[in-house]
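Chains as they are written, first to last, in my numbering: chain Y, 150 to 684; chain X, 418 to 841.
Errors might be hidden in some of the hints.
With beta-carbon atoms standing in for the labels, derived distance ranges [to be verified]:
id : chain 1 : residue 1 : chain 2 : residue 2 : range
1  : Y       : Ala254    : X       : Leu608    : 53 to 59 Å
2  : X       : Arg521    : Y       : His681    : 39 to 45 Å
3  : X       : Pro762    : Y       : Asp495    : 25 to 31 Å
4  : X       : Ala782    : Y       : Lys522    : 43 to 49 Å
5  : X       : Phe553    : Y       : Val498    : 21 to 27 Å
Keep in mind the hints are simulated off the structure, nothing from the lab.
Built from N, CA and C at the ideal position, the CB exists for glycine as well.
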Amino acid sequence: MQLTVWTYEGPPHVGAMRVATGMTGLHYVLHAPQGDTYADLLFTMIERRDHRPPVTYTTFQARDLGKDTAELFMTAARDAYERFKPQAMIVGASCTAELIQDDPAGLAETMGLGCPVIPLELPSYSRKENWGASETFYQLVRGLADKTRRPPPAVGEAGPRRPRANLLGPTALGFRHRDDVVEITRLLDQLGIDVHVAAPMGATPADLVRLGEADFNICLYPEIAAQACSWLERTFRQKTVKTVPIGVNATREFVAEVCEAAGVMMPGAVDQGRMGWWSRSVDSTYLTGKRVFIFGDGTHAVAAARVASEELGFKVVGLGCYNREFAREIRAAAEKYGVEPLITDDYLVVEDAIAAAAPELVLGTQMERHIAKRLRLPCAVISAPVHVQDFPARYSPQMGFEGANVLFDTWVHPLVMGLEEHLLTMFRDDFEFSDAAGPSHLGHASAAAHAPAASAEPAPAAETAPAPAPSGRDDQASATKQPSGWTDEALAELGKIPFFVRGKARRNTERYAAEHGVDSITRETLYEAKAHYAR
Amino acid sequence: MSAGPASGCDAPPVGIDGILRERGQREVFCGLTGIIWLHRKIQDAFFLVVGSRTCAHLLQSAAGVMVFAEPRFGTAIIEEKDLAGLADANEELDRVVTRLLARRPDIRMLFLVGSCPSEVIKLDLSRAAQRLNQRFSDCHVLSYSGSGIETTFTQGEDACLAALVPDLPFTDAHQLMVVGSLPDVVEDQFLRLFADLGIERVVSLPARRSRQMPAVGPNTRYLLAQPFLAETGVALEKRGAVHLPALFPFGAEGTTAWLHAAAQAFGVAEDRFEIVTRPPRERARKALAAHRTALTGKSIFFLPDSQLEVPLARFLAGELGMRLVEVGTPYLHKGHLIDELAALPPGTLISEGQDVEKQLDRVQASRPDLTVCGLGLANPLERTGLSTKWAIELVFSPIHGYEQAGDLAELFARPLNRRDVLRV
Numbered sequence: 150m151q152l153t154v155w156t157y158e159g160p161p162h163v164g165a166m167r168v169a170t171g172m173t174g175l176h177y178v179l180h181a182p183q184g185d186t187y188a189d190l191l192f193t194m195i196e197r198r199d200h201r202p203p204v205t206y207t208t209f210q211a212r213d214l215g216k217d218t219a220e221l222f223m224t225a226a227r228d229a230y231e232r233f234k235p236q237a238m239i240v241g242a243s244c245t246a247e248l249i250q251d252d253p254a255g256l257a258e259t260m261g262l263g264c265p266v267i268p269l270e271l272p273s274y275s276r277k278e279n280w281g282a283s284e285t286f287y288q289l290v291r292g293l294a295d296k297t298r299r300p301p302p303a304v305g306e307a308g309p310r311r312p313r314a315n316l317l318g319p320t321a322l323g324f325r326h327r328d329d330v331v332e333i334t335r336l337l338d339q340l341g342i343d344v345h346v347a348a349p350m351g352a353t354p355a356d357l358v359r360l361g362e363a364d365f366n367i368c369l370y371p372e373i374a375a376q377a378c379s380w381l382e383r384t385f386r387q388k389t390v391k392t393v394p395i396g397v398n399a400t401r402e403f404v405a406e407v408c409e410a411a412g413v414m415m416p417g418a419v420d421q422g423r424m425g426w427w428s429r430s431v432d433s434t435y436l437t438g439k440r441v442f443i444f445g446d447g448t449h450a451v452a453a454a455r456v457a458s459e460e461l462g463f464k465v466v467g468l469g470c471y472n473r474e475f476a477r478e479i480r481a482a483a484e485k486y487g488v489e490p491l492i493t494d495d496y497l498v499v500e501d502a503i504a505a506a507a508p509e510l511v512l513g514t515q516m517e518r519h520i521a522k523r524l525r526l527p528c529a530v531i532s533a534p535v536h537v538q539d540f541p542a543r544y545s546p547q548m549g550f551e552g553a554n555v556l557f558d559t560w561v562h563p564l565v566m567g568l569e570e571h572l573l574t575m576f577r578d579d580f581e582f583s584d585a586a587g588p589s590h591l592g593h594a595s596a597a598a599h600a601p602a603a604s605a606e607p608a609p610a611a612e613t614a615p616a617p618a619p620s621g622r623d624d625q626a627s628a629t630k631q632p633s634g635w636t637d638e639a640l641a642e643l644g645k646i647p648f649f650v651r652g653k654a655r656r657n658t659e660r661y662a663a664e665h666g667v668d669s670i671t672r673e674t675l676y677e678a679k680a681h682y683a684r
Numbered sequence: 418m419s420a421g422p423a424s425g426c427d428a429p430p431v432g433i434d435g436i437l438r439e440r441g442q443r444e445v446f447c448g449l450t451g452i453i454w455l456h457r458k459i460q461d462a463f464f465l466v467v468g469s470r471t472c473a474h475l476l477q478s479a480a481g482v483m484v485f486a487e488p489r490f491g492t493a494i495i496e497e498k499d500l501a502g503l504a505d506a507n508e509e510l511d512r513v514v515t516r517l518l519a520r521r522p523d524i525r526m527l528f529l530v531g532s533c534p535s536e537v538i539k540l541d542l543s544r545a546a547q548r549l550n551q552r553f554s555d556c557h558v559l560s561y562s563g564s565g566i567e568t569t570f571t572q573g574e575d576a577c578l579a580a581l582v583p584d585l586p587f588t589d590a591h592q593l594m595v596v597g598s599l600p601d602v603v604e605d606q607f608l609r610l611f612a613d614l615g616i617e618r619v620v621s622l623p624a625r626r627s628r629q630m631p632a633v634g635p636n637t638r639y640l641l642a643q644p645f646l647a648e649t650g651v652a653l654e655k656r657g658a659v660h661l662p663a664l665f666p667f668g669a670e671g672t673t674a675w676l677h678a679a680a681q682a683f684g685v686a687e688d689r690f691e692i693v694t695r696p697p698r699e700r701a702r703k704a705l706a707a708h709r710t711a712l713t714g715k716s717i718f719f720l721p722d723s724q725l726e727v728p729l730a731r732f733l734a735g736e737l738g739m740r741l742v743e744v745g746t747p748y749l750h751k752g753h754l755i756d757e758l759a760a761l762p763p764g765t766l767i768s769e770g771q772d773v774e775k776q777l778d779r780v781q782a783s784r785p786d787l788t789v790c791g792l793g794l795a796n797p798l799e800r801t802g803l804s805t806k807w808a809i810e811l812v813f814s815p816i817h818g819y820e821q822a823g824d825l826a827e828l829f830a831r832p833l834n835r836r837d838v839l840r841v
């Protein structure tokens, strides 16, 4: 047994629901007890979907056990077929139904339903949501794709045709999948390439039948589509484009890989967006070396680390993922940035790692947003799982050149702005402009956003800020132990150090004092330590 | 005011008692969901679900967001090795509980909460609780089932409170017990009213701290504050307590009837009752009047959710003049609801259980002005042009008593007002 409070991933049947809900003309009959319908609200509330997920739950109860749960399943499947007339159905069990072993797959096979039925085996006690989505999509592709289909001749009667690609991986409830598909479709169009089928999101079972007619596949979200892509590669000899186009550089490489797979010339000029210039412009100088902690699904985390490092000049101080299936990719990337890879689905471990790394920015999931809120660190969301506010009304892709623009804006926005940061350093004793006030452009909601750094050294901040301290800071301050061995003058000096390096300065000084047997930390010790670690 | 199914809707088959019973897909939460409010109510209790990843995901999704850093609930997720018999499930559970209590020494009461998988594999949590009680002297360990195969949504609270009753201390004092978890602000209002009425000894189940759970005995008279406490009622009666049947305290009339049942049982003079209850009753009526224009004559359809449906329908029809198209409830406790059922407009269609597809067909056929439903159904119904009220808000908000009567009406008026305001 594993003690869990908050989870990054749901059970595997929720992954299957993400695939089914993204598609049309597909229906999922889930053998499940009352209560498992909670999963509907993930889609209708968090993603604001205006249709119910295409899922029928058999809703068995205790009194049905050992009697007629199998009959219940068959009735539900028959009724669902009659009511929804889907092009295809998937059938499977949730965690409880797995235990009663009714074999939905076998039952459905004997029923002679009027459409293809694809059985799913999703082991609930060993696998999770992403795996479930991947397995479901793979089974659908394998079960439905017509193996006799091939792309039409490159040159037809009407002349040469445009190359065509399948865009694979987007699902319901995916982080910005909706906009990524639009952005990448637009980019491919600029390259003279058509999207043949985008799936699972937006596709019908009939679309999956004709997957073999594309020239190649683009694996947009490896967590979901890698397995299906590799089967398509084996079956249809379609090449797979594997570069995930998040960030300017990755998008450039994506374009190159796509052009090669499609056999088209690299275009001379593609609009590469503003991200590169925004990052090179002088206001962005202050972004240099910002310490960033990154956690999410493997693909988004690795991509974010690259963008942070290469395209924004941040320093990656932590990198990890919650989906063990992508541990290898995370390890490779972590080695590149010289950090310990963090592979865990225990958010308490992640919280400890973030606190220890003392980053200036956290890039994560909604879990890290909550962690960052508690630690009062700036944060931007880069990966599922996400909440309702991460499904914006506006167009906001993560992929492609427009996606890179979005990354620049959303990652830089939570930070204090360039010159303001310097003014804070110069006028840190100013009573209405102290660093405890937080970034000025974020309003009062983020007041004391940097309080942990500030409250770790309560005395100077409190003395120099006669304005009432935001509530909450008080609790923090009183809960924080006065460092033993710090003289008042040293504490006051520490308070003058900019908040974003203060925690580090404090730790370094204490380590220096410990290593050099200094009992009483004076102003001198502080600067000794600074000089020591500056080497 | 007219009642019954709107015209245009095929009359569904009803039983001889006039109640439509359906079974099929249910779009409701399971009993685990009650943990979301129970763990706030009992402030030193921890709720440990023994279940699957689905259970953990449900709690997280129903709670909406991670509100608390380390909430006082969690899930011991059963893994493959527990099922394959490689790990002794009881030993595993002991290990998890030991780790949990070491981490949270502030916990004084631990509920082991059964789930669908733990019920199906027949993990005996009551024996586990006994075993753990011997090991941990500082923490009282109890068990109940919140599984979806046995409980629907609010029945989880019923199971939890029923589990508390056998261990309550004995008293033969004459006392009034208010049963059902209420928001603290509402509970305090009621306690003040009972004090003003001169009822000296009034206790609440559950108490806010585990060490302050009330005593019970043959001279205990209890009022149910919630309509979903069937098992708790049975357990209390086993301890000798006597139920005071009444309307439930929703709206001015329900609250008055509820308080009056206690007043009568404790020999409170009628004039005193009048003096004490008139001012808040008048305030409630005034507050309700503000919402009457928005609600009178409007039709409402309740999909089954919390078992609050029948008392709320009675309130909306009786005090605000709404038309009841169908009152769906997951489970109908005719004994506890006897007064409520009698107070509904004659001919009101009541349905018990659910076949969600058929019920949604009836919703679309009758096109009610307002549909009360779960979160999974609200946006899809809104898309078809229907206004909806999330049922879960009725469970999470303070809605009982005089001072909340206006707020309760407002919860139903808000979606209608919003529809009128929007030009988009």
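Results for each hint:
Between alanine 254 of chain Y and leucine 608 of chain X the CB atoms are about 57 Å apart, so this pair conforms to the stated range of 53 to 59 Å. Separation of arginine 521 of chain X from histidine 681 of chain Y is about 41 Å and conforms to the stated range, judged on CB atoms against 39 to 45 Å. For proline 762 of chain X and aspartate 495 of chain Y, the Cβ-Cβ distance of about 54 Å falls outside the hinted range of 25 to 31 Å, so the restraint is violated. For the hinted restraint 43 to 49 Å between alanine 782 of chain X and lysine 522 of chain Y, the CB-CB distance of approximately 46 Å keeps it satisfied.
A beta carbon spacing of about 26 Å between phenylalanine 553 of chain X and valine 498 of chain Y agrees with the range 21 to 27 Å that was offered as a hint.
Of the numbered hints given earlier, the model fails hint 3 alone.
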